[in-house]
Every structure is written in C-alpha cells, then in structure tokens.
Amino acid sequence: SQQGEEDPQALSIQEGENATMNCSYKTSINNLQWYRQNSGRGLVHLILIRSNEREKHSGRLRVTLDTSKKSSSLLITASRAADTASYFCATGGLGGSNYKLTFGKGTLLTVNP
Amino acid sequence: DSGVTQTPKHLITATGQRVTLRCSPRSGDLSVYWYQQSLDQGLQFLIQYYNGEERAKGNILERFSAQQFPDLHSELNLSSLELGDSALYFCASNSGGNRNEQFFGPGTRLTVL
Chain L
2 SQQGEEDPQA LSIQEGENAT MNCSYKTSIN NLQWYRQNSG RGLVHLILIR SNEREKHSGR
62 LRVTLDTSKK SSSLLITASR AADTASYFCA TGGLGGSNYK LTFGKGTLLT VNP
Chain G
213 DSGVTQTPKH LITATGQRVT LRCSPRSGDL SVYWYQQSLD QGLQFLIQYY NGEERAKGNI
273 LERFSAQQFP DLHSELNLSS LELGDSALYF CASNSGGNRN EQFFGPGTRL TVL
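From first to last, the protein sequence lines are chains L and G.
Just so you know, the first sequence maps onto residues 2 to 114 in the working numbering.
Just so you know, the second sequence maps onto residues 213 to 325 in the working numbering.
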C-alpha cells in the first residue's frame, strides 16, 4: 500500500491563483519530498523537508511538515499554466527502509490560462 | 535533463516474452532505483542497487530481476510478460540512501499485447 496519500486527487484552478496539495503518511520518516511529473514523463524533484523542519520555501513553493499529524502540504503561489502536472509526495523512511522512497498516488493539478 | 538516461523509450512486445530495460545513472551516482508506474498501482518501488550490490527490494515480482554493472549502469529484466506488466518503468539515481533527492530518467513505456 502507498505510504503517502495526496489530497485532493485532482485540482483545477485559474492562472494566478494559489494551489494547495496535502499529503498524509503512516510511519515515522526521515524526510518528505515533493516531485512533479508532466504527463507521462519522468519525475522532477521539487523540494525536500527533513523530519526536524517545519517549513521550507523554494521560489513559489512552500512546504510544511507536521510530524505529529503525519502530514505535509505543498503550496504553489501565483500558479502558471506551466505548473499543470501531477504532484507526488514521497517519504524517506528510517532504519531498514532507509534506502527507498515511498510515493503517494499524486494530485493532478490543472492550471487554466 | 536529469542526467539519467533510459533505453528504449518505448517497447511493445507480446505476452510470454522477455525484455531488458537499460539505465545509465548520473555521473558520480552510485545508487540506482527502479520504479514501476501503472494506473492502478501508482508509482511502486521495485529495487535498488548501490555500487553493484542489491541494497533494497520492494514489490518486485519473481519474474523480474535487475543488476548493476561495474560501470554503474543497470538493467531491469522482465520475463514471462503478462498484460498487467504494461506500465512506465523509471530508473532514478542518487549518491545513495533516501536522505537525498532522486534524479529520474525519462522512463521506458512497456506495452504487452
């Protein structure tokens, strides 16, 4: 089963609006990462937040992490049509599982011009 | 361009056949990861190699196998193919472990007829 569960499954907004995607996970983590995938292409790493961090920014991206609730959010501000893609959260585990990432099923974001 | 290359881009074959997918990691990366992405299962981790040795195993079928060669390129072998094996297969690389981002290749789209 997937470690991360993104919410919503699909999101449609207008250019210029902000987009917020959420991710919940089940087990303790070392870090949480967000990736973007344009239709049928490879994943592109966006941002990594470690378990001892609460918030991180990168350009128009803002990620928060709440380890007590086992959840994270990705905010994209001032969205553009080029942001249209699927967004995945991925968790890096601890101990024996610390060599792999576990991905959620993703949020499909559509930004309408 | 992530620096990870995968060949071939597309592969169409018949049930019962065997195929080999190839991946060249980014220069200097010792870890290679293989993922399968399908509509129903999402993005599933298959297996990881680090400097030629298997490091972690995920939901990889017994009909599938992989190896990493001394020059660090990796191959994923899929045998006795079934219709359900049709999917996108991604290779990713990094310097090792899940503490850092992974760099994904463009994928191989496998269609089993």
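Since the hints were derived computationally from the structure, they do not count as laboratory data.
Certain hints may be false.
For the chain L half of the interface with chain G, some residues (derived, Cβ under 7 Å), not all of them [to be verified]:
no. : residue
1   : S72
2   : K101
3   : K106
We put the beta carbon where it would ideally sit given N, CA and C, even for glycine.
Structure-based check of each hint:
1. S72: Interface hint status for S72 of chain L: violated (19 Å vs cutoff 7 Å).
2. K101: holds (5 Å)
3. K106: holds (4 Å)
Hint 1 from the list above is the single one not met by this structure.
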